[in-house]
Amino acid sequence: KNQVEQSPQSLIILEGKNCTLQCNYTVSPFSNLRWYKQDTGRGPVSLTIMTFSENTKSNGRYTATLDADTKQSSLHITASQLSDSASYICVVIPSGYGGATNKLIFGTGTLLAVQP
Amino acid sequence: DAGVTQSPTHLIKTRGQQVTLRCSPKSGHDTVSWYQQALGQGPQFIFQYYEEEERQRGNFPDRFSGHQFPNYSSELNVNALLLGDSALYLCASSLEGADTQYFGPGTRLTVL
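These protein sequences, in sequence, are chains S and X. Here the first sequence is numbered in our numbering, starting from 72 and rising by one per residue. Here the second sequence is numbered in our numbering, starting from 3 and rising by one per residue.
If you are wondering where the hints come from, they were derived from the structure by calculation, not from laboratory data. There's no promise every hint is true.
Mimicking DSSO-like on lysine-lysine, the simulated pairs with C-alpha atoms at most 27 Å apart in a straight line are [stated by the list, open to error]:
(1) Lys128(S) with Lys28(X)
(2) Lys128(S) with Lys142(S)
(3) Lys174(S) with Lys28(X)
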């Protein structure tokens with residue numbers, strides 16, 4: 072069973088528009104939740120890191136929110152740019168992580184295409 | 003400060019062959035993790051190396067093996083390649099015990 076599910080699977084928006092990506096997880100308890108941006112054929116780059124006690128975290132035009140009660144997170148992108156075209160991956164780290172990499176739970180990602 | 007580097011960028015092999023992928027961690031990092039990412043999927047953990055030893059392993063067969071050198075760089079070896087091994091192989095480095103990993107650009111392996 073996939074413990075981190077993302078939606079939509081893919082998304083196309085026009086340049087300058089806003090969009091919101093969703094991440095639902097069943098991992099519990101968890102230490103923190105991260106959003107990564109992955110350009111095609113490249114490695115993931117961290118956008119935001121939130122602990123279970125944080126509700127929101129911003130990084131420029133990227134704002135992540137977290138609702139630990141409903142086990143949902145979202146990534147909001149404002150004033151989209153062509154360079155935002157990428158895959159966005161949600162990663163949940165269970166409690167007691169302490170470097171145990173095999174406990175990272177990756178979502179399958181949302182593929183975003185920004186068109187001019 | 004150099005980030006994580008991987009080589010080669012792309013690689014094409016045929017079924018049954020063997021392949022070696024290389025990774026140099028971010029300066030100051032001592033732990034290297036390897037991931038396999040199939041097209042349209044999230045990364046899957048293969049294994050992690052620390053102090054030249056495999057410390058943790060994901061659900062991958064023994065055909066996947068690795069090595070870490072005294073300078074913390076690492077290799078991933080895959081024997082008896084299958085078509086299903088075609089993927090982007092990512093290397094991530096971190097400090098031991100830390101939960102923040104920095105990913106390299108990946109090596110795209112195609113098995114024909």
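Checking one constraint from the list: CA of Lys128(S) to CA of Lys142(S), max 27 Å. Satisfied?
Holds. Lys128(S) to Lys142(S) sits at ~16 Å (cutoff 27 Å).
Please verify whether Lys174(S) and Lys28(X) have alpha carbons no more than 27 Å apart.
holds, 22 Å
Holds or violated: Lys128(S) and Lys28(X), Cα atoms, limit 27 Å.
holds, 25 Å
Against the hints set out earlier in the document, no violation occurs for any number.
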